[in-house]
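> With the hints as your guide, set chain B onto chain A.
One letter stands for each residue in the lines below.
Protein chains: 2
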Amino acid sequence: MSGWIAVAGLGPGADALVTPEVTEALAQATDVIGYIPYVARVAAREGLTLHPSDNRVEMDRARLALRLAAEGRRVIVVSSGDPGVFAMASALFEALGPDADPEIRILPGITAMLAAAARAGAPLGHDFCAINLSDNLKPFALIEHRLRHAARGDFAMAFYNPRSASRPEGFARVLEILREECAPQRLMIFARAVTTPDERLTVVTLNEALPEMADMRTVVLVGNAATRRVGRWVYTPRSAEAV
Amino acid sequence: MSGWIAVAGLGPGADALVTPEVTEALAQATDVIGYIPYVARVAAREGLTLHPSDNRVEMDRARLALRLAAEGRRVIVVSSGDPGVFAMASALFEALGPDADPEIRILPGITAMLAAAARAGAPLGHDFCAINLSDNLKPFALIEHRLRHAARGDFAMAFYNPRSASRPEGFARVLEILREECAPQRLMIFARAVTTPDERLTVVTLNEALPEMADMRTVVLVGNAATRRVGRWVYTPRSAEAV
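Going down the list, the sequences are from chains A and B. Okay, so the first sequence: first residue is 629 according to the working numbering, each after it adds one. Okay, so the second sequence: first residue is 629 according to the working numbering, each after it adds one.
Take these hints with a grain of salt, some might be off.
Because identical chains cannot be distinguished in the list, a pair is counted as satisfied if it fits within a single copy or across any two copies.
[What the hints assert, rightly or not] In silico DMTMM-like links for lysine to aspartate or glutamate, alpha-carbon gap of 25 Å or less:
#, residue 1, residue 2
1, 766, 809
2, 766, 869
3, 766, 797
4, 766, 782
5, 766, 674
6, 766, 729
7, 766, 727
Calculated from the structure, these hints are not laboratory results.
Okay, chain A solo, but in the shape it has when bound:
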């Protein structure tokens, strides 16, 4: 049997958000590759080899997947959320040679910002941006540039990887930039570990937001200028006025 690679999104955490497509692919796989906590979500079974690895070795994982598939194995590279959103799909294509043509499928998943938005109401119900705040692979100047354009375009925003132990100051600077661009009453949602037992949702205004509200398990949502509350919900109306 010839080998293949599927880059699969496991969703934000709950088993009820794993698509049947991903479940079926996992049942056929011989090898699962990924970041330790994501591989830990896959049940061990006879005939399945798990290859957990630490953070920041995305290219090693991609090359391992390509090598195993070339040997005829059926390989799943797991991401949390969706594999195409700040996850392993791009890394696999970066590692792919121009003349190689292994069988590859990208299997979408529920990405963190949409799971978080669903818990809060509908804060991304109008035009929005997704921005990765990690500066591992891009300069902070580009993050600032994009933040300002997102704010001036009055997009709602979702921030992935807002803050880590190795770069605690970046998110404080992000909040300063938002305060320069947006009104103090702008609504924000800090959604931590959504759909897991550790889930915690915090809704604040921009002037109440603190850097410590975010960590690497948090996705941060920022409404647009029209985002409002009704009861315990936060939503962005479908209509918008001219700028």
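Positioned in the frame of chain A, the structure of chain B alone reads:
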């Protein structure tokens, strides 16, 4: 038994992309409300009343859902894709009175842009924007304003509702704006009816793009300045340079 409302995302089309959470909620429902082609995706059964309705009556649907739930019924409002992305979740909260507090859940789904991105490779693998190109509920000037900010921020982009029979000229203007802001070799993907039997994926450069490549069943993806091809795939690298 008291009533409830779930606003559920059915994903882009394939049954294998409907989450178990949504499948379970549908099994418990007494009523399903939504746009005709989405309700048609729900299997009829004893005890389930289907309420299909035409386009542009979102507020009527939301009020019907609230009324039925108040009568003790278990109501699902269905959207394609994700209910929080240009879909029914915002409409429900718009219809919700400030003092009403029915049991509401928003059940996320695989949104069209991520299903389309997965088919193409990983074109949204870096920061990106989602923009609804319909000017039913917002002026075209706001669409233009956001397009220019998205382009100047070098975001990848996903366009929902790019073109309909009632407004054929808007998308031609969108392409003109993109040509003013981006290089002619910028990669674009026209993804029609992704994961259905009618699926069609077309990859072109911005200078090759034609308005007729889009219709209401198409989601259009635009790469950022670094988006490239490898083999038959399109992806955006994870690294980015300063602007």
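> First find the shortest C-alpha distance between residue 766 and residue 809 inside one copy, then the shortest across copies, and answer within, between, both or neither for a cut-off of 25 Å.
This pair counts as both: shortest intra-copy Cα distance 22 Å, inter-copy 22 Å.
> First find the shortest C-alpha distance between residue 766 and residue 674 inside one copy, then the shortest across copies, and answer within, between, both or neither for a cut-off of 25 Å.
neither (41 Å within a copy, 55 Å between copies)
> Please work out whether the CA atoms of residue 766 and residue 729 approach to 25 Å or closer within one copy, between two copies, in both situations, or in neither?
Classified as neither; 29 Å inside a copy, 44 Å across copies.
> Since the copies are identical, ignore which copy is meant and state whether residue 766 and residue 797 lie within 25 Å (CA to CA) inside a copy, between copies, both or neither.
Answer is within: at 16 Å inside a copy they meet the 25 Å cutoff, but 37 Å across does not.
> Give the relationship of residue 766 and residue 869 under a CA distance limit of 25 Å: within one copy only, between copies only, both, or neither.
between (34 Å within a copy, 6 Å between copies)
> What label fits residue 766 with residue 782 when the C-alpha limit is 25 Å: within, between, both, or neither?
both (23 Å within a copy, 13 Å between copies)
> With 25 Å as the alpha-carbon cut-off, assign the pair residue 766 and residue 727 to within, between, both or neither.
neither (28 Å within a copy, 46 Å between copies)
Violation of the numbered hints given earlier is confined to hints 5, 6, 7; the remaining hints are satisfied by the structure.
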